[in-house]
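> Here are the chains, one letter per residue:
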Amino acid sequence: MIRALLARLGSLAAVMATVSFVTFGFVSLTPGDPAHTILREQRQSPPSEREVAAFRAEHGFDEPFVVRYFSWLGDAVRGDLGTSYYQSEPVTSLLVEHLPNTLELALAATAVALVVAVPLGVVSAVHHETWIDRTGQIAALVGVSMPNFWLGYLLILVCSLRLGVTPVSGAGTLSHLVLPAITLGTGMAAVITRLVRTSMLEVLEAEYVTAARSKGVRERLVVYKHALRNALVPVVTIVGLQFGFVLNGAVVVEVVFQRPGLGTLLVDAIFARDYPIVQGVVLVTAFAFVVTNQLVDLAYVALDPRIERGGGGDDRR
Amino acid sequence: MNALLEIDDLHVRFRSRAGSEPVRAVDGASFRIEPGEIVGLVGESGSGKSVTARSIVRLEEPGEIVDGNIRFDGRELTTADDRTLRRLRGRELATVFQDPSTSLNPVYTVGEQIAEALRVRSDPDRQPFFRELILGASSRLRSRALRSDVLDLMETVGIPRPAERIDDYPHQFSGGMRQRVMLAIALARRPSVLIADEPTTALDTTTQAAILERLAALNEEREMSVLLISHDLDVVAELCDRLVVMYDGTVVERGPVDDLRSNPAHPYTKALLGCLPRRSKPGTRLPTIDGSPSDGSRPQNGCAFADRCSFAREDCYSTAQPTVSVGEDHTVACGVPDARESTLEGAAANPNPEPESTSEATGTATTADTALAVDGGADARTGERVRRDDDPTAGTPIVELEAVEKSFRGSDALLDRLFGTDERVPAVDGVSLALRPGETVGLVGESGCGKSTLARLIAGLEEPTVGAVRLRGTAVGGVDARTDDQRAEIGVVFQHPGTSLDPKRTVGESIAEPLIEAGWAATRREDRVAELLSLVDLPLEYADRFPRQLSGGQRQRVAIARALALEPSVLVLDEPTAALDVSTQATILNLLADLRDELGLACLFVSHDLDVVRHVADRVAVMYLGRLVEVGRTERTLSNPTHPYTATLLASLPGDRDDPVPTAVADRDALAGDPPSPTDPPAGCAFHPRCPVATEECRRREPPLESVGDGTLGPRSRCLYAPEWIEAGADPPSDVDASDPGPDDE
Ligand code: SF4
Ligand code: SF4
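Just so you know, the protein sequences line up as chains A and B, in that order. Its first residue numbered 1, the first sequence is counted upward by one per residue in this note's numbering. Its first residue numbered 1, the second sequence is counted upward by one per residue in this note's numbering.
Everything labelled a hint here was simulated from the structure, so no lab data went into it. Yeah, the Cβ is synthetic: ideal placement off N, Cα and C, and Gly gets one too. Any given hint might turn out to be false.
[To be verified] With the C-beta cut set under 10 Å, the calculated list includes, among others, these residues of chain A facing chain B:
| no. | residue |
| --- | --- |
| 1 | THR135 |
| 2 | ARG213 |
| 3 | GLY216 |
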């Protein structure tokens with residue numbers, strides 16, 4: 001058990017190290033000298049050679065790549081991701097400031113998606129090949145193919161501008177969260193609906209479902225107790241993966257709704273060539289992705305007793 | 001007398017795609033079950049027996065009851081509403097399904113699944129939604145009272161140490177134990193009728209015997225009626241009071257079990273009894289049933305069996321056949337007196353002039369000249385095969401196993417592998433065995449004993465951990481390490497042709513696969529495929545069909561053809577007929593016997609069915625926990641075993657025997673439990689925990705595999721008391737001296 005845990009932590013560390021290296025490398029390789037850009041922005045005129053040199057020295061640009069990477073990594077491990085070139089604020093505190101908003105959005109979107117998708121998928125499967133199923137299928141198709149930003153603007157147009165029930169932009173209250181969460185959750189809901197439907201269709205054919213019926217269990221329990229839990233096993237992986245994409249989608253949605261968050265932070269930082277922030281955001285996102293996947297594994301164990309627990313020598317060949 | 005359950009003229013159709021005729025799965029079945037009675041419902045796949053059984057509890061999906069009545073205790077079930085059905089399923093009519101590996105829900109503990117049945121029984125109408133969901137989510141059965149009831153039930157069905165197992169999940173149980181759990185779930189409802197749909201077909205013969213015995217005992221104790229469905233007449237016959245034989249959706253014969261077995265009247269019943277290997281002389285050709293198996297597309301009127309019946313007359317095809325009474329409570333749906341009165345042998349010796357090649361052809365089959373020719377030859381070879389027990393030591397072995405050991409990793413974790421801390425689970429432990437040209441060795445044992453691994457080792461699909469597999473004297477590794485010639489020497493046939501054939505390839509492509517790998521030119525390949533198809537009695541057009549268009553028996557023929565593609569000298573057969581109906585099994589066994597004689601093949605025949613092995617094998621090797629416990633000539637070993645394990649296996653065979661096992665050690669209950677885990681084999685004789693005659697000595701001393709009796713030539717046994725068993729047995733056969741190959745087998 002402890003060994004398994006250690007193995008898990010080990011692989012987690014390896015993934016994070018790779019991600020950090022790639023992030024750091026890519027950002028450093030992008031064309032355009034940040035020293036130039038930043039100084040020009042600050043002074044509103046081209047900086048002198050001397051000023052540029054001083055800036056580079058101050059931020060350690062003169063060192064060779066590997067040295068810079070390791071010192072950055074060393075700091076990062078201690079929670080210091082450097083200082084924003086532009087806002088002269090520690091990146092860590094900027095992240096801490098913006099992360100909760102994004103996390104809130106991602107979780108809300110996932111919740112919206114699950115609440116809509118699971119029942120919809122189950123109902124579609126139970127009423128397989130009826131008008132209910134077909135309507136659900138079409139809705140899912142529309143949901144998948146609708147671009148985030150477009151749906152976002154549409155919702156703003158209808159709900160905020162026409163009906164005036166929700167604020168157009170910003171963050172903080174629940175009403176600020178509703179539209180972005182729906183925007184972001186729709187695509188995910190569509191994917192999950194299809195998946196739940198397919199998975200349920202398969203499980204409903206299983207012999208143990210018939211066996212449950214033959215016990216006299218009522219149909220609603222046959223579906224939700226006996227079939228659904230089995231059907232959810234494959235769904236969990238996709239939800240985990242989707243969560244990563246939700247973080248990506250959050251970037252767009254935050255811009256559309258002008259919500260402060262990692263997305264807006266990242267976009268601003270990219271335009272300003274504010275490398276430390278870009279690196280920080282990417283690193284945090286990757287970390288979230290890896291952690292989610294670990295949580296997915298745990299959820300597996302909870303859902304499907306055949307994994308990890310028990311094991312050894314029971315399944316005779 | 002008022003029947004408890006009465007099925008009257010039941011018609012069930014399968015819904016099918018628009019346009020095509022609906023399949024008539026059940027076409028006018030009628031029978032009844034009295035209180036406390038065990039009725040056997042017998043028929044092959046496609047006979048409609050399972051659909052009938054499921055229709056009783058109204059689980060006929062995807063079928064539809066279109067006509068007829070099902071009455072339980074005077075209530076009509078065909079029109080019952082959901083609520084009534086729930087009550088009946090929860091309290092009166094319990095069902096056990098065929099395959100316990102799929103009929104238990106994998107995500108709930110067995111305790112919860114049994115408890116659920118108890119809760120439903122106590123109140124079928126309520127079943128609060130959220131309470132049930134929450135109870136399911138817990139991995140431990142909490143309610144104290146319920147727990148003790150569940151434990152009682154587990155005890156009743158014979159699950160050892162129930163208190164330790166109640167919170168385990170289904171995958172932690174063996175097949176036999178899972179079926180016991182299913183039985184406990186059924187008993188939780190205290191039903192008045194138990195419907196058991198092929199409850200033992202997926203199990204070993206030993207487990208089968210134990211489960212059937214348990215059923216009989218429960219029937220006695222609880223006065224519960226049982227409807228026992230099976231494709232094997234002999235299996236159910238022992239238990240049942242009455243039998244109902246179904247063919248193609250209709251009941252062709254029914255009657256009291258003794259009368260029906262001693263005086264079968266319907267030609268189909270006779271054929272069904274005749275094609276069982278245990279009823280034929282070993283080494284002879286098995287009688288087969290001609291014509292295609294039922295597929296629900298027969299003509300409106302007339303006898304369903306007419307296409308395959310050797311007594312069929314003109315009017316059999318056109319007019320409905322009367323149901324004739326041939327004894328007390330014994331009726332048969334056949335209007336031809338000659339057919340009814342012919343003896344079993346007579347029926348078998350009345351060979352249909354039609355070629356066997358069409359024996360499994362589906363409706364669309366056309367005549368095949370190539371197959372005809374071969375078949376003519378095949379049918380002529382009816383005589384008894386000369387058994388190769390004259391001088392088995394003569395030939396040089398083709399395949400030799402030298403103290404082969406194979407173990408598998410207990411876990412797949414990366415770190416375990418890095419640190420080498422993983423447990424090794426031994427599957428095969430020090431086995432030495434030789435296979436000579438033209439010889440068939442039967443390898444028997446319960447599931448998990450390592451017999452399949454041994455077969456895979458010979459085929460090169462696994463490599464031995466220790467020891468060597470020799471092919472014509474040269475040690476060979478896995479398939480990848482073998483030369484083309486070495487690979488060509490061994491052909492393999494597995495149990496499930498469905499999974500070993502690629503569904504997306506045509507039969508021809510599948511058969512040609514090994515030829516392509518061996519680098520044959522296209523034209524030569526085509527000729528060879530044609531040759532192989534005719535060798536296995538399949539028409540040439542089958543080359544263009546896909547596996548799903550074939551019946552199970554035909555698929556197995558294709559698998560055999562592929563195994564023979566490169567003219568091997570050895571055929572490894574891993575349970576080749578275990579998934580087939582008895583009549584199909586008979587045709588496949590005949591085919592294998594012909595091929596073996598014609599091509600001089602050496603065969604390793606792996607099977608859990610001793611009757612089949614007795615029929616085909618020259619020698620048997622019995623395996624227990626990865627080791628050989630007895631090796632010897634078939635006839636001798638299976639009539640006078642020298643190891644208690646072999647004796648117990650024999651005792652668990654179904655059916656009445658003319659010659660019951662003569663040893664004193666036979667004890668059916670001995671194998672009721674599971675074999676011990678191979679990770680942790682018992683000390684001393686590995687069989688001692690289950691051995692009915694174990695002594696203190698057995699716990700301490702590990703017996704070697706030693707020759708018994710006549711010096712180096714006798715059978716070999718891994719039992720301390722082997723010489724005693726040989727004496728306890730009947731008079732030894734006179735030809736005892738010409739028995740077993742000696743030293744090179746260990
Ligand atoms: S003799 Fe005629 S009625 Fe009797 S089983 Fe044969 S085909 Fe059917
Ligand atoms: S050695 Fe003892 S325990 Fe083992 S089979 Fe013989 S009698 Fe039974």
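> Which numbered hints turn out to be false for this structure?
Hint check: 1 fails alone, others pass.
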